[in-house]
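Put together the whole structure using the sequences plus the hints.
Protein chains: 2
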Amino acid sequence: MLMGFPEDYNDRVKRINEYLMRSLDVIEDKRLKAAMAHYPAAGGKRLRPLLATIVSEAVGGKQEKAVPFGAALEIVHNFTLVHDDVMDEDDTRRGIRTVHAQYGVPEAILAGDALFARAFEIVSGTDAEAEKVVKLVEIMAKAVRLLAEGQQMDMDFEDAKRISSDDYLKMIERKTAVLYSAAAQGGVIVGGGTEAQEEALFEYGRLIGLGFQIWDDVLDLRSDQETFGKPVLNDIRNGKKTLIVVNGLEDMNALERKQFLKVLGNRKATQDQLRMARDLLEDVGAVDHAVMVASGLVAKAKDRLSVLKESKHKEALKAFADYMVTRKT
Amino acid sequence: MLMGFPEDYNDRVKRINEYLMRSLDVIEDKRLKAAMAHYPAAGGKRLRPLLATIVSEAVGGKQEKAVPFGAALEIVHNFTLVHDDVMDEDDTRRGIRTVHAQYGVPEAILAGDALFARAFEIVSGTDAEAEKVVKLVEIMAKAVRLLAEGQQMDMDFEDAKRISSDDYLKMIERKTAVLYSAAAQGGVIVGGGTEAQEEALFEYGRLIGLGFQIWDDVLDLRSDQETFGKPVLNDIRNGKKTLIVVNGLEDMNALERKQFLKVLGNRKATQDQLRMARDLLEDVGAVDHAVMVASGLVAKAKDRLSVLKESKHKEALKAFADYMVTRKT
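Order-wise, the sequence lines are chains A and B.
Take -16 as the starting number for the first sequence in my numbering and just add one per residue.
Take -16 as the starting number for the second sequence in my numbering and just add one per residue.
Careful: at least some of the hints might be erroneous.
As the list makes no split between identical chains, a pair holds if one copy fits it or if it spans any two.
Result set (SDA-like, lysine to any residue): computed pairs, CA atoms no more than 25 Å apart in a straight line [what the hints assert, rightly or not]:
| hint | residue 1 | residue 2 |
| --- | --- | --- |
| 1 | K295 | A143 |
| 2 | K45 | A113 |
| 3 | K118 | E47 |
| 4 | K245 | D71 |
| 5 | K301 | E(-10) |
| 6 | K(-3) | A25 |
These are calculated hints, taken from the structure and not from any lab test.
Given below as structure tokens:
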């Protein structure tokens, strides 16, 4: 029975999770292994491995062939979470203690590095022609390098006076979208697709990745902690210069801007102040605008799927794209 | 004119350095790039890339072909230094400020990650058959994973009551030797050597790597800051359980052991106390014993070179091995 995305893939997510956890068995030291497994074991939607496997099917390949590459990207994602949390000095992530809060900063740095190394070991063991494996390694290594540049931009933005919406989009392309474009491109490669498909699916992944992040920024303002699974209005408190904030600031009058900037990045702001700041963004239409931008990106992403033959997998990729900007969590 | 090792390779080291620094040009963000280049730009002996290139020649290949892989290992080495310095909270390294002391902890974590990613990008671009490139990626990824396990052991040892010499050797095999065995094995692969040569040179690299680390422990006790290029008697102050300390403790009488343990790991120890502790290690012959062990490892390493035809490159590898345990710095 078809239930839609992502429910149709519950079994596959289970198998991906098993693969993920098993891939850490090679680590001998118990403490290191526990720190490495801390986030992967806490669950997650596994969108990146799911994407890689569905794309592989959509180009006529087997879904299993994409599991190692997809899992490796998921491990890379987890490694960046571990290190980002150290850099941001966050003590909790989605209701659990962060790795460094639980195991200490040195252990967290090391666990991140070891996850990173494991990801490349996994990719290099992909069951495919050597030329393809080399390509997968290239894609993943470049993605991680760009992730680091994105994180750098994110840190630079905190002190920057003026950020444009282009700056923001460039930053999230690197910090968020690269793993989706890599997942989709890698799926084409292991699935045996054409170069045109590779290019189109890379772009599809990039666009839904951008949509995903902008939608995340929306949820931070419009959701509540129980539904979202993490504290809301956090981006305002942390002074994040999201697309919504960038556009909102442009459209506020001088008085509104002054009020808003008093709250943005003020870690001691009260809930009332945070809500006031959110209302200012809503009032000038900046949140609605972001929703429109995210939907537009996803629509463009779906256009790119014209390189694929009709199939239920192609339909799944459309549903996948829609899910990125309709999900509640 | 032959001057011996490493002087004969001064020009090659220059070219390796140019390659290394050029490989960071792709980084867009100036601050990130500067943090990444901080250690590579400070120089170094480049033993790992040198080893890879000489081995490549020794099996009949071209030395240039091993430069990317060797440089990638050097970048990995630098990345581990950046992160290790954060973990150890060291403010200086060989007379310069550490990356986190200069740029802050978040930047240092990120710069290390970006170096790591670049290393894999470089290896994946190696000019060789795809099968060989995949093997190089596997070797490097496994090496980094083992490096993390070695660093974990090193941290665990600080709190451990009793460390055996086997524990110590297992730790330095991971923390130091893996990059030498990887360099030598990789050199055989790009140079087009046989499987028997691959196995033998891996072991050669492992043995000289162990010798290198034990000799480093000796220099910390027997050298002076000017000659060694970094503060001496540091391992005692930091409570490192080196082979010398492990063996020394076994051979001291109860009173000596009590005196020694008062100084080991005491960050406030005076120079006089540190010298007294060193003298205790010398008196029971633990330093001489370590010199013997290191020389024995290097002799065994040179035996492994019997898989190579006679050539000046083979002679260079013998000189390389000897250098590991005779160097002053």
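For each hint, the structure was consulted:
no., hint, verdict
1, K295 to A143, "neither (46 Å within a copy, 57 Å between copies)"
2, K45 to A113, "both (18 Å within a copy, 23 Å between copies)"
3, K118 to E47, "both (18 Å within a copy, 22 Å between copies)"
4, K245 to D71, "within (21 Å within a copy, 39 Å between copies)"
5, K301 to E(-10), "within (14 Å within a copy, 62 Å between copies)"
6, K(-3) to A25, "within (13 Å within a copy, 48 Å between copies)"
Checked against the numbered hints listed earlier, the structure breaks hint 1 alone; every other hint is satisfied.
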